[in-house]
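Could you put the whole structure together from the sequences, leaning on the hints where they help?
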Amino acid sequence: MKKHQFNERAILRKCGILIFLALFTISCSNEINYYVSPDGNDENIGTQSKPFATIDRAIVETGKVTANNKAVNIYLREGIFQLKETLEFNEQITGYKDYPITIQAYGKEKVSITGGPYFPVSVLEPVNEKEILKRILSSEARKKIRKLNLKKLEIADYGTIKHTGFSRAIRPAGLELFFNDKAMQLAAYPADRYIKIEKVIDKGSKPRDDDFSDRGGVFTYDVSRPSLWCKPSNLWVQGMFGTVWADDKLKVADIDTLKKQITTEKPHLYGITGGHFRFINILDEIKNPGDYFVDYENGVVYLIPYSDEKSDRIFVSLMEEPLVVLEGANYIIFKSICFENSRGMGAYLECGEENIFINCTFRNFGTYAISIGKGIASFDTIRHEKTGKPVSRRIGSLKQHQYADPTYNRQGGNKNGLISCTIYNTGAGGVSLGGGDIKTLTPAGNFVENCNIYKTNRRYQTYAPCIDLSGVGNKIINNKLHDATHSAIIFYGNDHLIEGNEIYRVLLESDDGGGIYTGRDVTTYGTVIRNNFFYKIGSPNPLYHHGYWHGIYLDDFPGGIVVENNVFYDILAGILVSGRDVICNNNIFINCDRPVIIQTRPPSETHKKRLLNINPKEGIWKERFPSLSDALENNWGKFVGTTATNNISVGTEKPCVIIDRVDSTFLTVRDNFDFKDDEIQKLFVDPDNMDFTLKKDALIFQLDSVFKPIDFSRFRK
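Residue 930 is where the sequence shown ends in my numbering, and the numbering goes up by one at each step.
Check each hint, because a few of them may be wrong.
[Claimed, not checked] Derived DEER-like restraints, expressed as beta-carbon distance ranges: (1) S877 to N826: 49 to 59 Å; (2) Y509 to H759: 16 to 26 Å; (3) K908 to E291: 26 to 36 Å; (4) Y519 to P868: 42 to 52 Å; (5) V741 to Y509: 42 to 52 Å; (6) T373 to K472: 22 to 32 Å; (7) V741 to G512: 33 to 43 Å; (8) Q398 to S437: 37 to 47 Å; (9) N848 to K395: 52 to 62 Å; (10) T373 to D924: 43 to 53 Å.
The hints are simulated quantities; they were obtained by calculation from the structure and are not laboratory data. Just so you know, these numbers come straight off a predicted model, no measurement behind them. Built from N, CA and C at the ideal position, the CB exists for glycine as well.
Below is the structure:
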């Protein structure tokens, strides 16, 4: 337990009699109530009339009573609670099954827990320095630009901008600004589009091929705007540097505006081979409301506020540690609280059971909103795969470690999760949902249910999904997942349930992905994907269009996944199947150019390694998934047990199921139905308004089919 900021003994001596009397009055009850208010005092006794000032103070008192068969309610009164240290729950400060600890907003009052200070918009100062104003290229911006003097506000920790992107460790952000509930953005050029890489002079080193010489690349561009900038310092480029699934943000080591040439400080994973980018962190390009630039040397932020109402507030993120940590704690419940404005994550859970966040908001974090399970200590260099050291309270190089060791047990506890929460404006993903042991197929039962998760890619554009799922036996149910630059759900592991989710406006700035994605692991048996609705996936921008936008993308030969009763609307490709024992049954595809694609993706040595790692010939794995026990010896790489049956497609000239370079000997493809575009009204209740409930007398029911109606009521607009 960390050292607290108050003298606990002195407080208890001073208030001992009052505390005794207060507790005596409720000693016959099975619960104790504490109250905390921003206007309170930690020398108070925590009653409604005499509330504590800090949540930490209430937690200390809670730790003294929960072992005595007492439930504890900590009521937070309206206001903003700024944290400087993490709120911690552990094996000593824990709830019990019949006596939980509940931390909640009092009544309908609005409560925020924030990871940095906030200031009224009145603290913003005009910018009078001529040398600054002459750099601002927009004449309108010169009239609107303001400055936030961090030194005057006694803020000394500015952090740094970091290399972020595909295969890079997830690290806390540097100092960021948030205006009311909106994330502000580093001034960029172009602000809303990308520049094409014209010519690659030097690809730089290629870490993907084990070249760790750390040599940056050199490339040219064909715009004149940078020549107007006044010697920009700390300049970065962000974009796709050759692939459509691997973003990167690279510091500029040198820019030659005459040659229109950039040299990067660090390499891209695959080497720079082309692509597109934008410039980041340019004082000269402050133009739009929300733009800002940090002068790290002088401790000043230049910005254009969204508005200047007296009630407006500017938040500055400072904390890198999670706002809330539950390690070994049980039965902790958070209700109706807004967690926001931190360089790291909102909440971290490790071990423990039935810890639940209900009706909470998580927004404006530098990494994830919440992590259930351990991460991996950050690697010093960019790595596609490598085993590392388990670490608490960080994500770090988790993805790279899991690629090398998919059986990593993250110690995520059991039955922990989120219900009816809202998550948005995060930097590197929404929820990192782990738990369960793959080698023993022991389920965790952790969950994300009935949540609204969106805009999770402020700092990392790819492989930073709304929900990152791993382990065994976890659930993603009835959520809205949308407005993501890459996939909504990326999953690995076994026996997960992904059901009832609405997934839309994803893959907005990337390709070669899916609303739901997994790949390159033949042992992903037991997961069921059912009753989900996919639509508006992909982007009209030709920069990102390479033909691989999918509703569900089972990439590079995974196995043992059931996909049933899903609805796909207006997507380039509904489902790509590449693996064995994949069941694709009773799905509906409307206006999907390629409804179901069964495509060859031969397994590699990585697949063999992962298969042998779970020991498929013995124990629980042989009992649960016997077809894997002899997979290497019999028909390795064949689509054994894969089926596509009883699916409906309407509105495409292509067949419902497309078999692409696959030995169909082991496939079962039958009883799939293709309808013409003009028959859509004869199938669905109101297709013009995206109600794809099948009519009672729909054409499909007049045919010789066993298609089962899909309950679409939860998705009706």
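Structure-based check of all given hints:
{"no.": "1", "hint": "S877 to N826: 49 to 59 Å", "result": "30 Å, violated"}
{"no.": "2", "hint": "Y509 to H759: 16 to 26 Å", "result": "38 Å, violated"}
{"no.": "3", "hint": "K908 to E291: 26 to 36 Å", "result": "50 Å, violated"}
{"no.": "4", "hint": "Y519 to P868: 42 to 52 Å", "result": "51 Å, holds"}
{"no.": "5", "hint": "V741 to Y509: 42 to 52 Å", "result": "49 Å, holds"}
{"no.": "6", "hint": "T373 to K472: 22 to 32 Å", "result": "28 Å, holds"}
{"no.": "7", "hint": "V741 to G512: 33 to 43 Å", "result": "53 Å, violated"}
{"no.": "8", "hint": "Q398 to S437: 37 to 47 Å", "result": "23 Å, violated"}
{"no.": "9", "hint": "N848 to K395: 52 to 62 Å", "result": "55 Å, holds"}
{"no.": "10", "hint": "T373 to D924: 43 to 53 Å", "result": "50 Å, holds"}
Comparing the model with each earlier hint shows violations of hints 1, 2, 3, 7 and 8; every other hint is respected.
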